[in-house]
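Engineer: Each chain, written out:
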Amino acid sequence: MQENILKDDALEEKGERARMAAFIGAIAVEDLVKSTLGPKGMDKILQSSGRGHSITVTNDGATILKSLHVDNPAAKVLVDISKVQDDEVGDGTTSVVVLAGELMREAEKLIAQKIHPMTIIAGYRMAVDCARSALEKKVRNNKDDSEKFRNDLVNIAMTCLSSKILSQDKEYFANLAVDAVLRLKGSGNLEAIQIIKKCGGSLKDSFLDEGFILDKKIGVGQPKRIENAKVLVANTAMDTDKIKIYGARVRVDAISKVADIEAAEKAKMKEKVEKIKAHGINCFVNRQLIYNFPEELFAEAGIMAVEHADFDGIERLALVTGGDITSTFDNPESVKLGHCKLIEEILIGEDRLIHFSGVELGQACTIVLRGASAHLLDEAERSLHDALCVLAATVKDSRVLWGGGWPEMLMARQVDELARKTPGKKSLAIESFSAALRAIPTIICDNAGLDSANLVSQLRAAHFNEDSTAGVDVITGTVGDMEALGIYEAFRVKQAILQSATEAAEMILRVDEIIKCAPRQREERMGH
Amino acid sequence: MPGAQVVPGGGSGKTEKYVDTKRKDDVRLANIAAGKAVADAVRTSLGPRGMDKMLSTANGDVIITNDGATILNKMEVLQPAAKMLVELSKSQDIVAGDGTTTVVVIAGALLKQCQDLLAMGVHPTVISDALHKAQGKAIEVLTAMAVPVELSDRESLIKSASTSLNSKVVSQYSSLLAPLAVDAVLNVIDPARPDSVDLRDVKVLKKLGGTVDDTEMIKGLVFDHKASHTAGGPTRIENAKIGLIQFQISPPKTDIEQNVIVSDYTQMDRILKEERNYILGMIKKIRATGCNVLLVQKSILRDAVTDLSLHYLAKAKILVVRDVEREDIEFISKTLNCLPIANIEHFRAEKLGQADLVEEVQVGSGSIVKVTGIKNMGRTTTILVRGSNALVLDEAERSLHDALCVVRCLVSKRFLIAGGGAPEIEVSRQLGAWAKTLHGMESYCVRGFAEAMEIVPYTLAENAGLNPISIVTELRNRHANGEVNTGINIRKGQITNILEENVIQPLLVSTSAISLAAECVRMILKIDDIVAVR
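Residue numbers (my numbering), protein chains in the order written: chain W, 440 to 967; chain D, 106 to 639.
Rather than coming from a laboratory, the hints here were simulated on the basis of the structure.
Treat the hints with care, as some may be off.
[Unchecked claim] Lysine-lysine pairs mimicking DSS-like chemistry, simulated, CA-CA at most 27 Å apart: (1) D:Lys308 with D:Lys597; (2) W:Lys637 with D:Lys518; (3) W:Lys655 with D:Lys308.
For reference, chain W alone in the conformation it holds in the complex (with noise of 0.2 Å):
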């Protein structure tokens, strides 16, 4: 009679259970997303079951895999390196668990064959090195010619916005990413590069605009139009400023001692407005409200006060003027304000925005993406934000490589030679790397329907020439020169691409056992 150690409620799955559950988890995590890789993959129409059954029309393998309910700790693994490759790179989500999904689907057989897990990990690290090493001897980096370097941030740009909802647009979008980042002169920040979305019109008449747009009202009565612009951030109050001490309340015996306090509240309003007023600023924006009373004040003095911009406005407009926001106004000498050349207030679509160009921060600009529907809005920004990811990660590390299954299959080649030198045991789980990544170029080939057995095979015999440049055209469904294509794909995006993949395959063959606690008693919504 087995003793009980854990719980109840507890589940416990060991040894081969554990295995299969995680194999079981991973692989189906992958099919779920495999279809959307490529050029010609498809979309997901992802329905919220929670109120209003709202839905998203994505591609982005981050999007879709985020917003899944996941119970399963494999796929669960997938999930988080999805995360991750997003938040590290940008781009490359959907790659990167189709690479994991498919090393766990070659170590199932390798499994089966009774080889031990430790000998697989042990495999897929040499064989992970190998890759990495091929890939940097082939990188090109035109870091020094700035006019060619440019054309590599293009086509990578163009590359990577080919699978999305932009591709019909793509040169028009690269274009406008391409000069977004490098108006960022390296910096990298993605924050000064502001999204916004309006309905209406169509995606060619997005546009990128200098500057920031803050999608606010002016105060009625105050001016519209404002140059050299000295710029106040605030995040204060501006509709009373009361005592804000449980139960204080005031106890008078007359009416006109009520007037009194009214008035009182009313001149320390007057003073705080007459405080901000003293910073020399011509606009003031603020994160809360401004009432009627202190917005006819600051319109007698001619300020531009906006009301209620988001966090998000102001922390963007904060950082792109050079102004602090700022919460307190007792030493105006201390304040940083932010500066611009001009405010004004522009028409897009049907609705009033606030423009401030020639702001201090040079490197800020503004995407302004118009497009037919909301979905569509949503999905475009998706795109180009992943563009612009992997622009500026480009623009950080500007080692280029071919796209197309390029890469791909010249570490798979790499990798079976090394396959072949080595001894032992290991070399079968080296072989099932290289067949792991061969798998994506066929992924892409069955999504646009081609022969993908075929076309795999021509490239690899294509890739026994040492400089070959041979990757998939899924458009004319051939075998193609990458270069001549201008099919480039990020380094930085690949490595990471490859080395989160194995880390997560790693990590999943590792398990042996698998304890899932009891659930807490009052029983939480399900999902977390």
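Based on the hints, put chain D in the right spot on chain W.
Structural biologist: This is chain D only, laid out in the frame that chain W set:
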């Protein structure tokens, strides 16, 4: 089902054929079916002889309309793809304001063609790319057909507004409403920004009673409630000086909690007196500036006005309009050219607006306050819509909105195009010819697009009770002979040169309908799975 059984042809890697798993096909076909169902639901309301729908909402309200955006908005669809069509109609409403039915009908027809193409085994992305190209070409064709229009050409503007109105319930009033819409929009164009119109500067006010005939445009301001009658306050003021106030004429109230402690009855009298003096003091200050009309913003924290203050205001012969919403302040201040006043201390004569006449008028069952003859009036317009019952009134408002949008389209993109299905047939013909010059699957897809465009004249004819097949074929024939402006003349039930019949519409409505519909269909095509998420 078709589609699933297609085998990859030829064995070469070059095929564009597409084989997919059963489930993915099912999702896509289900999406297409749902999209088509939505399109079918609104199809019968297209055109001047289109029928209306009666919508009964969950809380028992009834709406009668043939405005596509409104119907779809109230339908509460659940299927994700169907939802996208609803969104599509909304987008068209934002971009062009009119053609909200057309856009959904076109999308439905495109989906139908896509279904056939998918059944042939064409890869969805190939269809999607081809649709994009075809849409670009279609817009070229439309632009080539368009006739430039000047804003000074009032006749043409009115004609296009009446084309939009002719398909509505209020069509018999189009001769009244169309010029009204044109004047209203032209009135608010800012000379500094001649290309854009902010329709928020046109205020549409509905008032039950009378008939649509009584609808009028008012150069001035109208408030949808009566002036205060307490204590016999004035209801008509000539040479008005108008103050727009955001403070309250009521006993003082502090932001922190306060109690007035009364310990004996003499104090009660004193407090009452003080209250009176306090209010009287405020009113004296107001009166001193010569102000005789007061617009009071609604306040939630305390009473904006009390019976007592109204009484004193009436004594001071000041007309009071209360409960002005905060959102309206900007519009009012722009129209009256006055500044809102947030504190009694700031109440000065220079902040007041001036008008020749402010008066309360009986309209139907209620009354309104009209401000006319405003000095230095801002660029705003108010339209007072009248109708004999709430349903007609609402529909008249929606129709007027469409007409205003049509005029706005013409301001931002000054091209006109023929109506009555003529542009669609022409696009269909030219794309059909173009498809023949293309290779591969693309050719099929473009031809599909061309065929889908025929849905508009087909439906127009069908809804008018004509024989759609004979009409569409004759149209095709005429267009092939180079008569690009022939369309269906619904009134006469035959085919004529539609430009001569004054059935014209803005180019923007047609182009955005086609591009938005194509974009939406492309999005639906690319979906291969529906995933339930949290």
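Engineer: None of the hints should be skipped; say for each whether it holds.
Structural biologist: Against the structure, the hints come out as follows:
no., hint, verdict
1, D:Lys308 with D:Lys597, "violated, 36 Å"
2, W:Lys637 with D:Lys518, "holds, 19 Å"
3, W:Lys655 with D:Lys308, "holds, 21 Å"
The structure is inconsistent with hint 1 alone, although it conforms to all the rest.
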